[in-house]
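2 protein chains.
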Amino acid sequence: MTAKNAFYAQSGGVTAVINASACGVIETARKHPDKIANVYAGRNGIIGALTEDLIDTGKESAENIAALRHTPSGGLGSCRYKLKSLEANKREYERLIEVFKAHDIGYFFYNGGGDSADTCYKVSQLSDAMGYPVQAIHVPKTVDNDLPITDNCPGFGSVAKYIATSTLEASFDVRSMCATSTKIFVIEVMGRHAGWIAAAGALVADQGIPVLTLFPEVEFEQEKFLTAVKAKVEKFGYCTVCVSEGCHWPDGRFLAEQGTRDAFGHAQLGGAAPVVANMIKDATGYKFHWAVADYLQRAARHLAAKSDVEQAYALGKAGVEFALEGHNSIMPTVVRKSSDPYVWEIGKAPLSEVANVEKFMPKDFITEDGYGITDKCREYLYPMIRGEDYPPYEKGMPKYVTLKNAPVAKKLAAFEL
Amino acid sequence: MTAKNAFYAQSGGVTAVINASACGVIETARKHPDKIANVYAGRNGIIGALTEDLIDTGKESAENIAALRHTPSGGLGSCRYKLKSLEANKREYERLIEVFKAHDIGYFFYNGGGDSADTCYKVSQLSDAMGYPVQAIHVPKTVDNDLPITDNCPGFGSVAKYIATSTLEASFDVRSMCATSTKIFVIEVMGRHAGWIAAAGALVADQGIPVLTLFPEVEFEQEKFLTAVKAKVEKFGYCTVCVSEGCHWPDGRFLAEQGTRDAFGHAQLGGAAPVVANMIKDATGYKFHWAVADYLQRAARHLAAKSDVEQAYALGKAGVEFALEGHNSIMPTVVRKSSDPYVWEIGKAPLSEVANVEKFMPKDFITEDGYGITDKCREYLYPMIRGEDYPPYEKGMPKYVTLKNAPVAKKLAAFEL
Numbered sequence: 208m209t210a211k212n213a214f215y216a217q218s219g220g221v222t223a224v225i226n227a228s229a230c231g232v233i234e235t236a237r238k239h240p241d242k243i244a245n246v247y248a249g250r251n252g253i254i255g256a257l258t259e260d261l262i263d264t265g266k267e268s269a270e271n272i273a274a275l276r277h278t279p280s281g282g283l284g285s286c287r288y289k290l291k292s293l294e295a296n297k298r299e300y301e302r303l304i305e306v307f308k309a310h311d312i313g314y315f316f317y318n319g320g321g322d323s324a325d326t327c328y329k330v331s332q333l334s335d336a337m338g339y340p341v342q343a344i345h346v347p348k349t350v351d352n353d354l355p356i357t358d359n360c361p362g363f364g365s366v367a368k369y370i371a372t373s374t375l376e377a378s379f380d381v382r383s384m385c386a387t388s389t390k391i392f393v394i395e396v397m398g399r400h401a402g403w404i405a406a407a408g409a410l411v412a413d414q415g416i417p418v419l420t421l422f423p424e425v426e427f428e429q430e431k432f433l434t435a436v437k438a439k440v441e442k443f444g445y446c447t448v449c450v451s452e453g454c455h456w457p458d459g460r461f462l463a464e465q466g467t468r469d470a471f472g473h474a475q476l477g478g479a480a481p482v483v484a485n486m487i488k489d490a491t492g493y494k495f496h497w498a499v500a501d502y503l504q505r506a507a508r509h510l511a512a513k514s515d516v517e518q519a520y521a522l523g524k525a526g527v528e529f530a531l532e533g534h535n536s537i538m539p540t541v542v543r544k545s546s547d548p549y550v551w552e553i554g555k556a557p558l559s560e561v562a563n564v565e566k567f568m569p570k571d572f573i574t575e576d577g578y579g580i581t582d583k584c585r586e587y588l589y590p591m592i593r594g595e596d597y598p599p600y601e602k603g604m605p606k607y608v609t610l611k612n613a614p615v616a617k618k619l620a621a622f623e624l
Numbered sequence: 208m209t210a211k212n213a214f215y216a217q218s219g220g221v222t223a224v225i226n227a228s229a230c231g232v233i234e235t236a237r238k239h240p241d242k243i244a245n246v247y248a249g250r251n252g253i254i255g256a257l258t259e260d261l262i263d264t265g266k267e268s269a270e271n272i273a274a275l276r277h278t279p280s281g282g283l284g285s286c287r288y289k290l291k292s293l294e295a296n297k298r299e300y301e302r303l304i305e306v307f308k309a310h311d312i313g314y315f316f317y318n319g320g321g322d323s324a325d326t327c328y329k330v331s332q333l334s335d336a337m338g339y340p341v342q343a344i345h346v347p348k349t350v351d352n353d354l355p356i357t358d359n360c361p362g363f364g365s366v367a368k369y370i371a372t373s374t375l376e377a378s379f380d381v382r383s384m385c386a387t388s389t390k391i392f393v394i395e396v397m398g399r400h401a402g403w404i405a406a407a408g409a410l411v412a413d414q415g416i417p418v419l420t421l422f423p424e425v426e427f428e429q430e431k432f433l434t435a436v437k438a439k440v441e442k443f444g445y446c447t448v449c450v451s452e453g454c455h456w457p458d459g460r461f462l463a464e465q466g467t468r469d470a471f472g473h474a475q476l477g478g479a480a481p482v483v484a485n486m487i488k489d490a491t492g493y494k495f496h497w498a499v500a501d502y503l504q505r506a507a508r509h510l511a512a513k514s515d516v517e518q519a520y521a522l523g524k525a526g527v528e529f530a531l532e533g534h535n536s537i538m539p540t541v542v543r544k545s546s547d548p549y550v551w552e553i554g555k556a557p558l559s560e561v562a563n564v565e566k567f568m569p570k571d572f573i574t575e576d577g578y579g580i581t582d583k584c585r586e587y588l589y590p591m592i593r594g595e596d597y598p599p600y601e602k603g604m605p606k607y608v609t610l611k612n613a614p615v616a617k618k619l620a621a622f623e624l
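Heads up: the protein sequence lines correspond to chains X and G, in order.
Note that the working numbering has the first sequence beginning at 208, numbered continuously upward.
Note that the working numbering has the second sequence beginning at 208, numbered continuously upward.
If we strip away everything but chain X, and leave its shape as in the complex, we get:
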C-alpha cells in the first residue's frame, strides 16, 4: 500500500477541546508516514474541501501541533454548513470525492456532531459507489453531548466543569450579599434541545447552594417556578437559577423570545436569563443579577476537564489508528467501564447507527419537580468534570497557538457553493 493523504475538518460550533482531537489526528498520522503522507485540513471546515481550499498541516511545526492540545476554538476554522441529502445535492458529494481524488486523499476524518456524522457516512457510501473508496471516520465533538452510543462527547466535560464552577462561585457571591442586596442570581447556559449543560449547574446543590435548574426537557410553568424561588429565598436567603437557553413555554416558544421591542420598534433579541430575572423581580421584588455565559463557556480552555482533554485527543488518535487497521464508516467512542474510579476506554460505533440519532437526557436524570438532578445523573456527571488540565500562561494570559494554515496549491476548477 502506498501512502495516501488524509483529510481532516472541524465542523459546527467549536469547543475548548476540539483542537485536542486535531492534535490527536495529526500527531498520530505523523507517526505513520508509510501510510499517511500528509494531513490536509479543510479551511473553515467542509467548505474548504468543497472549494478546494486546503491547509497543509505538514507545514506546521511539531511544537505548534502539540500546542493545539491546550488551545480552544477551531484552529483550522470551522463552519455551520450542512450538506443536503444525497438526492437533493449529489453534486456536493461528488465534488468532495473529486477533491479527494485530485489530492490523493484516502482518509476522511470529520470532527463534529450529528450532522457531520451523517455527512461522513454518506461520503463513505458514495466514494465506494464512485469507485474511489475513501475511509471515512467521524471523530465526535459537541458541547451538546447529544451523540448516541458514545458515553459522552468531547467538549461537554469542559463546559460542564466551567458551568459548575462558575455557578458555584457566583452563588457564593450572592450568598455574601443577600442579607441586604442581591437575592437572585440567574445564569444562562447553552443547550437548545438537551439540558446536559444545565445539569452541570445543578451540581452546586451538593455544596449547599439553593439552585433551581430550568431544562429544555421540562415545560416552563411560571407559577410553580415562582413558588419554588420564593421557598428557596425564604429558607436560604437567596436563590440561584441555572436556565438553559432552550427553556420554553408549554406552547414551544423559548423564554428568550419575549417579543420585546426597543425604543425604535426593533425586535430586541434577549437572553433567557434577563427574562427569568425580571419575571422574579416583578413577582417578588427581589433584587437580582444575571449572567449569560455564551461563548465563554465553550471556549474556556483555562478550566478544561482533564478527562475531556484526554478523551478528545484519544478519539482523534483512535480515529487514525482505526483507519490504518482498515476500518471505515465508523466513529470512535468513549466507553465507560466504571464511574468511581472513572475508567474508560475507546470503542467504535458504525456510522449507520450514529447518523441522525439524537441523545437526550434520560427522564430519570431529572428530579420529579423538574428543577434538579438525580443521583443517577450525578454519577454520570462527576467523573467528567474531575481533574484539571491547565494551559501554559505567558504575560498573565493563556498561551494559545495560532497556526500558519498554509494553503495547498489548487488543482481543480472553481466550485460554486
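By construction, these hints were calculated from the structure, which means they are not laboratory data.
Some hints could be false.
Said to hold, decoys possible - DSS-like mimics (lysine-lysine), calculated; alpha carbons at most 27 Å apart, straight line:
id, chain 1, residue 1, chain 2, residue 2
1, G, K494, G, K431
2, G, K602, X, K439
3, G, K602, X, K566
4, G, K602, X, K570
5, G, K611, X, K544
6, X, K442, G, K583
7, G, K602, X, K291
8, G, K611, X, K494
9, X, K606, G, K442
10, G, K289, X, K494
11, G, K583, X, K606
12, X, K439, G, K606
13, X, K611, G, K602
14, G, K583, G, K566
Model, not experiment: these values are computed from the prediction.
Since chain X is already given, all that's left is putting chain G on it; use the hints.
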C-alpha cells in the same frame, strides 16, 4: 497594654480575593494574642456591628481560616450600607462606638472601597471625641480599582485576568466561525464609572485579536463606532467588542437603558452587550453572539491573579501590623517599585487623603480613537494579571470554605437600623 478585641467587616460588592484579606487580618491577629484577644467580625458587614450581630472568628479552625485565602466572595457576609454623614446620623456612629465598647474592641479593620474608607475615617475621629479611642484601619478592596494613592485595589487584578482570558478565548472561538457564521462577539464587563476592567479586555489586541473597547470615560458615538466595527470585520473577518456596563451616550444615558418594554408593557432591564450587538446587526447584518459576565467575573477565584491574592493577604496582614505599631486612621497601600520585573511593597496612606477621592483612568491610558489602550496602560496592567494561584479542587469543583460563623452573645439593647 492588655489585649483588646479586634473588629473586622467586609463592605460592598465582594471579590475573588476579599477573603484573602480577611485571612491576612485573622491569621496575623492570632499571632499576637498578647495584644489582640480575638477577632470579631460583623455578620453581613457593618450592619452586623450596628445590630450587635457579631461573629466569633475564634471558633474557626486554623484550617478554615487558611482556606479563606483561596475562597471567593465574602465569607463573613457583606452589605451595601453607607453610613450617612456624621451630621445626618450621628446616632449610627455612636452606636458603633457603643458596640465596640461593650465588646472591648480596640481595633477596627474595615475592608472595602471608597465609602467604607470614609466610614472608617469618621469612626476614628468620633471614637477619639467620645473618649473611647479605636484604631481604625481601612483595608482596601474593590474590583473598580478606583481608590486613590494605592497603586491598585485587591480584587481588580483577578477580574482583569479573568476578562482578558475570557475575551481571548471567546475571540478565538469567533475567529474559527466567522467565515460562515458569527462575526461579532460582544462581552459586557463591570465598571459603572471607570473603565479599568474594560481596559483588561483591550489587552487581547496584543494577541492579534481585532477588539474595540467601549469605556465609560468616552462618550459613545454610534456612527463612528459602527464604522470602526465594519473596518475590523473587513480586515480580519470578525470583531470583538468589550463594552463596559457604564458606557453611555453623550447625554449621560447608559447604553443599557433602552426604554425597552416586554409583551406586558413592563420595562425590560437589559445589558449593554445585547444593545451593542443588536445595533451592529441592524446596521451591518453581521451575525453576533454576546455574553454578560456579571458576578462570574468578580467571583472567578479559579482564575485569580497571583499578585492580587498576595496583595490582598499582605494588606490585611499589614493592617493589623500597622495597628499594633500604633497607627490609626490609615489605609495600607500597594506601592509599585517596578513594572518589569513586577516589584511592589506595602505603604500607607492617611484616611483623610483617601476618603471621598475617586481615581479614574488617566486620559493617556486610552488611545486617541477611544477604543483601545496605550502602552502606558499596558505597562500598568500586565504585572497585575501575571501569575496564577489555583484553588484546590474536589470532585471537579474548587474546594471553597464555608465558615461556621458562630455568633457572639449580645450585651446591648436592640438597635433600629
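Status of the hints after comparison with the structure:
no.: 1; hint: G/K494 x G/K431; verdict: holds (20 Å)
no.: 2; hint: G/K602 x X/K439; verdict: holds (25 Å)
no.: 3; hint: G/K602 x X/K566; verdict: holds (25 Å)
no.: 4; hint: G/K602 x X/K570; verdict: holds (24 Å)
no.: 5; hint: G/K611 x X/K544; verdict: violated (40 Å)
no.: 6; hint: X/K442 x G/K583; verdict: violated (50 Å)
no.: 7; hint: G/K602 x X/K291; verdict: violated (43 Å)
no.: 8; hint: G/K611 x X/K494; verdict: holds (26 Å)
no.: 9; hint: X/K606 x G/K442; verdict: holds (24 Å)
no.: 10; hint: G/K289 x X/K494; verdict: holds (18 Å)
no.: 11; hint: G/K583 x X/K606; verdict: holds (23 Å)
no.: 12; hint: X/K439 x G/K606; verdict: holds (23 Å)
no.: 13; hint: X/K611 x G/K602; verdict: violated (38 Å)
no.: 14; hint: G/K583 x G/K566; verdict: holds (16 Å)
Of the hints listed earlier, those the structure fails to meet are numbers 5, 6, 7, 13, in rising order.
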